[in-house]
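Protein chains in written order, with my numbering: chain A, 1 to 158; chain B, 1 to 158.
It should be emphasised that the hints constitute simulated quantities derived from the structure, not laboratory data. Mixed in with the good hints, there may be bad ones.
Intra- or inter-copy, both count: the list cannot distinguish identical chains.
Unchecked claim - Under the rule of at most 25 Å between Cα atoms (straight-line distance), these lysine-lysine pairs were calculated in the DSS-like manner:
hint: 1; residue 1: K99; residue 2: K74
hint: 2; residue 1: K99; residue 2: K142
hint: 3; residue 1: K58; residue 2: K99
hint: 4; residue 1: K141; residue 2: K99
hint: 5; residue 1: K68; residue 2: K85
hint: 6; residue 1: K141; residue 2: K58
hint: 7; residue 1: K141; residue 2: K74
Number of protein chains: 2
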Amino acid sequence: MRKILKLIPYFGFVFYLSIGSAGAGNSHMENQIKDVLSQYQTALNNSNVDAAVALYAKDGVFMAQHSKPAEGLKAIRTGYENVFKAITLSIEFSIDEIKELSSGWAYARTQSDGFVTINQTGDKAPEANQELFIFHQNDEKKWQIYRYIFSTTNPPRA
Amino acid sequence: MRKILKLIPYFGFVFYLSIGSAGAGNSHMENQIKDVLSQYQTALNNSNVDAAVALYAKDGVFMAQHSKPAEGLKAIRTGYENVFKAITLSIEFSIDEIKELSSGWAYARTQSDGFVTINQTGDKAPEANQELFIFHQNDEKKWQIYRYIFSTTNPPRA
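When you get a sec, could you build the whole thing from the sequences and use the hints?
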């Protein structure tokens, strides 16, 4: 089951995030994690390294396709700098599920669709990925990205 | 950091498996999950659909690169049938970390290296991936793959 939720008005535009029902009701945890995912989507679409890195736990790990795992904030920063140097994203996340595993631990499974522009050539191509996030609450009870990996769902290039 | 652990004495022999340290001590949970990962490696290298599917929870999800998420055992089976039809793997997993999140929930982060043979052409190429597994214990306290995603760590094809 999917529904469309209005999330945040932003500079006169309205961003919509298509959100799959996670089965349970919209708990406080679920809403907070949806908010992190929404902020992450915005960071990606704005090529905003600072905003992306700020969503991670200090011992977070970013597992980008075509890269070795980036462990810790310094490596994560370099990871996003490399991504945004290479490509510009225009994508939208949909949430397949959000599940709390215990106090302070949860995961989210998402998909994202849109377009990628190769900065060097200006070529634009469809982009579609699936993502798995593990979230952890820090000492201030803020949900942060603890582990994050994505992979394309498009067929291999011929 | 890597260490060699004695795993199981078996018919008078001692088997050794090279295992990346997960930081914490070798709990029962950790050894059981290492055993599932070892069985999964064997299933992949033998193109054994039954053995791979048997490691999943009945409501498991397999997120293979270049495919949409396969939800539930029937879709997971089709996913592995498609993978093994296309390629033959010869890979070895190394474990970056295993962490229990709560009673019955854990995750493992791994990397795998080796070779892939394209069945249609016979072409052989280096293969390197990173993986994130979420494990869940079933009613019989058996650790099963609940969510699993991988992506290549090799550079994009030119």
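The hints, checked one at a time:
Proximity of K99 and K74 under a CA criterion of 25 Å is satisfied inter-copy only: 22 Å between copies versus 28 Å inside one chain copy. For the identical chains of this complex, K99 and K142 are neighbours both inside a copy (16 Å) and across copies (20 Å), given an alpha-carbon limit of 25 Å. In this assembly of identical chains, K58 and K99 lie within 25 Å of each other by CA distance both inside one copy and across copies; the values are 22 Å within and 17 Å between. Taking CA atoms no more than 25 Å apart as the test, K141 paired with K99 passes in both settings, with 17 Å inside one copy and 20 Å between copies.
Proximity of K68 to K85 under the C-alpha cut-off of 25 Å is restricted to the intra-copy arrangement: shortest distance 17 Å within a copy versus 27 Å between copies. In this assembly of identical chains, K141 and K58 lie within 25 Å of each other by CA distance solely inside one copy; the values are 14 Å within and 33 Å between copies. Taking the closest pair of Cα atoms, K141 and K74 come within 25 Å of each other only inside a single copy of the chain (23 Å); across copies the shortest separation is 38 Å, beyond that limit.
The earlier numbered hints are all upheld by this structure, with none contradicted.
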